[in-house]
Amino acid sequence: MVEFYQPGESWIHRADPRVKLATLAASMLLMLLLQHPLIFLAAVLGLAGLYRSAGLATNKLWRVVRAVLPVGFLLAALRAIFYPTGPMLVALGPLQITGGGLAQGATLGLRLVGMGLAIFLWLYTTESQSMVRGLVKLGLPYPWGLSIGLALRFIPTIRENYDTIVQAQRARGLDLEHTRGLGRVRALLPGLIALMVSSLRAGENMARALEARAFGAPGVRRSYLVDLAFRPVDWLLLLLLGLGASAILLLFFRFGFGADPLRLFS
Amino acid sequence: MIRTPRLEAIDLWYGYAPERLALRGADLVIEPGEFLGLVGQNGSGKSTLAKHLNGLLRPARGQVRLDGEEISSLPTSRLARQIGYVFQNPDHQLFSPSVEQELGLGPRYLGLTPSEVEDHVQRVLQSFGLQSIAQRGPGTLSFGLRRKVSIAAVATLQPAVWLLDEPTTGLDWGSAALLMDHFAELNTQGHSVILITHDMRLVVRYASRVAVMSEGRVVGTGPPAEIFRRPDLLQAARLKPPPIVELLQRLASTDVEVEGLTVAAACRSFLARHREKLG
Chain H
30 MVEFYQPGES
40 WIHRADPRVK
50 LATLAASMLL
60 MLLLQHPLIF
70 LAAVLGLAGL
80 YRSAGLATNK
90 LWRVVRAVLP
100 VGFLLAALRA
110 IFYPTGPMLV
120 ALGPLQITGG
130 GLAQGATLGL
140 RLVGMGLAIF
150 LWLYTTESQS
160 MVRGLVKLGL
170 PYPWGLSIGL
180 ALRFIPTIRE
190 NYDTIVQAQR
200 ARGLDLEHTR
210 GLGRVRALLP
220 GLIALMVSSL
230 RAGENMARAL
240 EARAFGAPGV
250 RRSYLVDLAF
260 RPVDWLLLLL
270 LGLGASAILL
280 LFFRFGFGAD
290 PLRLFS
Chain L
179 MIRTPRLEAI
189 DLWYGYAPER
199 LALRGADLVI
209 EPGEFLGLVG
219 QNGSGKSTLA
229 KHLNGLLRPA
239 RGQVRLDGEE
249 ISSLPTSRLA
259 RQIGYVFQNP
269 DHQLFSPSVE
279 QELGLGPRYL
289 GLTPSEVEDH
299 VQRVLQSFGL
309 QSIAQRGPGT
319 LSFGLRRKVS
329 IAAVATLQPA
339 VWLLDEPTTG
349 LDWGSAALLM
359 DHFAELNTQG
369 HSVILITHDM
379 RLVVRYASRV
389 AVMSEGRVVG
399 TGPPAEIFRR
409 PDLLQAARLK
419 PPPIVELLQR
429 LASTDVEVEG
439 LTVAAACRSF
449 LARHREKLG
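Chain order of the listed sequences is H and L. Following the working numbering, the numbering of the first sequence begins with 30 at its first residue and continues without gaps. Following the working numbering, the numbering of the second sequence begins with 179 at its first residue and continues without gaps.
Where hints are given, some of them may not hold.
Said to hold, decoys possible - Derived, one-sided and incomplete: chain L residues facing chain H with beta-carbon distance under 10 Å:
(1) Asp-189
(2) Tyr-287
(3) Gly-317
These are computed hints drawn from the structure, not numbers from a lab. Ideal Cβ positions, reconstructed from N, Cα and C, are used throughout, including at glycine.
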């Protein structure tokens, strides 16, 4: 089965999944709070460094950037055009590009790229088994954790199935090369139905297979192959995360660090 | 007899990712009206090569020719009427709320008029014996019937060349043989059939020629009897000959010379050679 997880032995791979989850949650929160584009540029560069440090192939990084960038650009452009604030840069009739609008647009675009990179760094470096174990240790009921793990593992498989389904449509004469816009969406709709049917069938089969292998056996407390234990380095990482996040929050609330898209300190 | 084109793959190279090359200079010719078995272990490039023959994949290097004309840049929709592709999983090929609508999907994609579509659908419903389930949803049918509908849906396009990607997976031997008999019949009418399979019994029973793939290349072609006598090829492609061939090879080491790729042929050969001894 194809998975997001890229096997490796880097320190990020080896870090406890709970530490990684906490880091992801903290970085998401900070990325929603902060507003200055330079901070996001630094975050994106930092994340690129972490990808390198995790030993992930460069095309993994680009795949995420390529997937997120079009939406990021669109959001950035819309923001820059429709929310003119701050000093005027260019005025073309009703179209006004202002410094504030541009900075807010850049923030939005880079925020999306940053969030995408952070989420996929987590997915690329965390095996679904230990991801589920981490979530369960944090209090999530096991069936929920398993569902999340399976759903994440199934995304690439569903993608592969969808590609095959579209190929089957094309093999029967569907012309996608000359179909654009709404027509393309309409043309692909039957394929989505086939995808739904085959995914539901696969899901049902998997549920039966799990049950046949004693999943949810009554009156039994299940054991685990992967058991998690915090190592000293995990405590250290957690401490660094806590200190780093607290420092940024302190700077943000006390000195307005990153609160304004145009000024680093406001 | 229908007019069937000659298909040619010349030095095809293709990779799903830079580090994952699926084809490394594959060459293959499919003569008009040929029944070709395309065999090789998993990941040897069989499906990837087949998907180049109807334009589903475009080669990084090399050419695909249809009657001598380069087609590797033509869209699949232009080739759908000449080359039909049956995928391994029927659930990936059924898109419509009823069998009847499913059968009409391809002709509608090709812009045929409603009466033409109706003609095609009724003809195929009849020839595949699907009239009684014409209004049923394909998803509610048994696996065997879903497989049959997925093939019938390609048949409405009346392709001259059939690419069959492991069409008998999940079928019992009887159903598989019945299905393959249908393609043998089409073959006698002049259709080319390319059968991708791991079942060597099907290959010896139906194919007139075998192409063996290994590591993205076609490493040998020839009649089944010739191919199964080449241990180097069988080993390279990790192929196991049909049980009867293995039995005859063992018998040969005990000086009992019998030929044949099927049980019937082996019995005939045995009787012809040993009739006198048997009295």
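ask   = Going back to the hint list, which numbers does this structure go against?
value = 1
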